[in-house]
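> In case you want the letters, here they are:
There are 2 protein chains.
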Amino acid sequence: MDHDERRLLIAEATLRVIKQAGMEGASVRNIARESGLSLGALRHYFPNQDELIAFSMNLVKERATARIYEVMSRDMPLSRKALHTLLELVPTDDNKLAEMEVWFAFTAHYRNKSAAFDAQHDGILQLIEQLLAALHEAELLRPGLDLALETERLYAFVDGIALHALLDKKRVNYEQIEKLITYHLKSICTDAAFP
Amino acid sequence: MDHDERRLLIAEATLRVIKQAGMEGASVRNIARESGLSLGALRHYFPNQDELIAFSMNLVKERATARIYEVMSRDMPLSRKALHTLLELVPTDDNKLAEMEVWFAFTAHYRNKSAAFDAQHDGILQLIEQLLAALHEAELLRPGLDLALETERLYAFVDGIALHALLDKKRVNYEQIEKLITYHLKSICTDAAFP
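Same order as they appear, the protein sequences are chains A and B.
For the first sequence, position 42 (counting from the first letter as 1) is numbered 41 according to numbering that gives the first Met the number 0, and the numbering increases by one without interruption.
For the second sequence, position 168 (counting from the first letter as 1) is numbered 167 according to numbering that gives the first Met the number 0, and the numbering increases by one without interruption.
These are computed hints drawn from the structure, not numbers from a lab.
Note that the structure is predicted; figures quoted are calculated from it, not measured.
Take the hints with a grain of salt, since some may be wrong.
When chains are identical, the list treats them as one kind, so a pair holds in a single copy or across two.
Calculated cross-link-like contacts (lysine to aspartate or glutamate; reagent style EDC-like; alpha-carbon spacing at most 16 Å) [said to hold, decoys possible]: (1) 60 with 87; (2) 178 with 136; (3) 178 with 149; (4) 18 with 93; (5) 18 with 3; (6) 168 with 74; (7) 80 with 167; (8) 185 with 149; (9) 178 with 145; (10) 185 with 4; (11) 178 with 49; (12) 80 with 145; (13) 168 with 4; (14) 168 with 138; (15) 18 with 69; (16) 185 with 93; (17) 18 with 177.
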């Protein structure tokens, strides 16, 4: 196994530990145990904890980004593509809910601690801005909308759903999330967009 | 100073510590120092940390509830009352942003730890449900809306704004928040509601 593969396995072990025990449980010792490595061997791959955590969060981010680009490259009508892209941003399966869990624990822990972690600038706002601009360009948005406010509204709505799914996944379950996103999108799109 | 007054002062010191140092900094030792009490004296008022933190979070909740009832008791048109009630649920001043900070730190820390803390059932969903029902009753909502989905949508929107204000208060500033809430409310209300 080469250096990069080992780092990836350690990052995946880190995500499992955060999911199970939160950031408080994500000690170098616990991560070494979950990785099946000695402390010394772990330090060989990640000299300090901050670097390890940052690498693991980047892994979450890269996977989410890859999923989003995969959806955007599909051949389907723009309005359906917008719907499926938005559905990638909210927890619609166990895997994405676990990622949200890691994001939440990570953000709460690091937001006041280090300028190196920039959880709030994850590109989602820009993505939503582009989606709405494309729908507008294709004349699929209802007339009279304020695009800047619609962007912030949709961004807040999507992150609010993710937060609520995390706090009460029984009420805000996967089926309900899909219903809500579809409902919002229909409310801002023309009838022709979702025939 | 009587027992209850002292407990209140300790809770306020606890909130200041959480605001400054997060939940990780909210040790009994730090809270005693911020309260100007010895560890022994602090234990006289709060035998353990969980009880102290729960009491402090309840203080935040009670103050928010009191503010909301004050707004709802005002004599003004229903649509404006709905707007001002919703504005109480989002950080529109430094004090409310600090409360949100405490809520976030508290929820992230305790959500997997104790059944005694029930941050997600704070009555906000029921409040929003009632608000929309009252607007519907008064025929101030646009026809054809799904009230159940509108309730979840508004709840997610409001908490998403609060989250974003916390993560990037420069972009999601107090003026922007008021604009967003007003915009959403206008989008679901009839033109007569906000003449």
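> A separate judgement is required for each hint: does it hold in the structure or not?
We went through each hint and held it up to the structure:
1. 60 with 87: within (12 Å within a copy, 33 Å between copies)
2. 178 with 136: Answer is neither; intra-copy 25 Å and inter-copy 25 Å both fail.
3. 178 with 149: between (19 Å within a copy, 11 Å between copies)
4. 18 with 93: Answer is within; shortest intra-copy Cα gap is 12 Å, inter-copy 32 Å.
5. 18 with 3: neither (23 Å within a copy, 39 Å between copies)
6. 168 with 74: Result: close neither inside a copy nor across copies, 32 Å intra and 38 Å inter.
7. 80 with 167: Close neither inside one copy (28 Å) nor across copies (28 Å); limit 16 Å.
8. 185 with 149: both (13 Å within a copy, 13 Å between copies)
9. 178 with 145: So residue 178 and residue 145 pass the 16 Å test across copies only (11 Å; inside, 24 Å).
10. 185 with 4: neither (44 Å within a copy, 53 Å between copies)
11. 178 with 49: Neither: 39 Å inside a chain and 38 Å across chains, both beyond 16 Å.
12. 80 with 145: Neither. Shortest intra-copy (22 Å) and inter-copy (24 Å) distances fail the 16 Å Cα cut-off.
13. 168 with 4: neither (34 Å within a copy, 39 Å between copies)
14. 168 with 138: neither (35 Å within a copy, 33 Å between copies)
15. 18 with 69: neither (26 Å within a copy, 40 Å between copies)
16. 185 with 93: Neither: 26 Å inside a chain and 36 Å across chains, both beyond 16 Å.
17. 18 with 177: neither (24 Å within a copy, 35 Å between copies)
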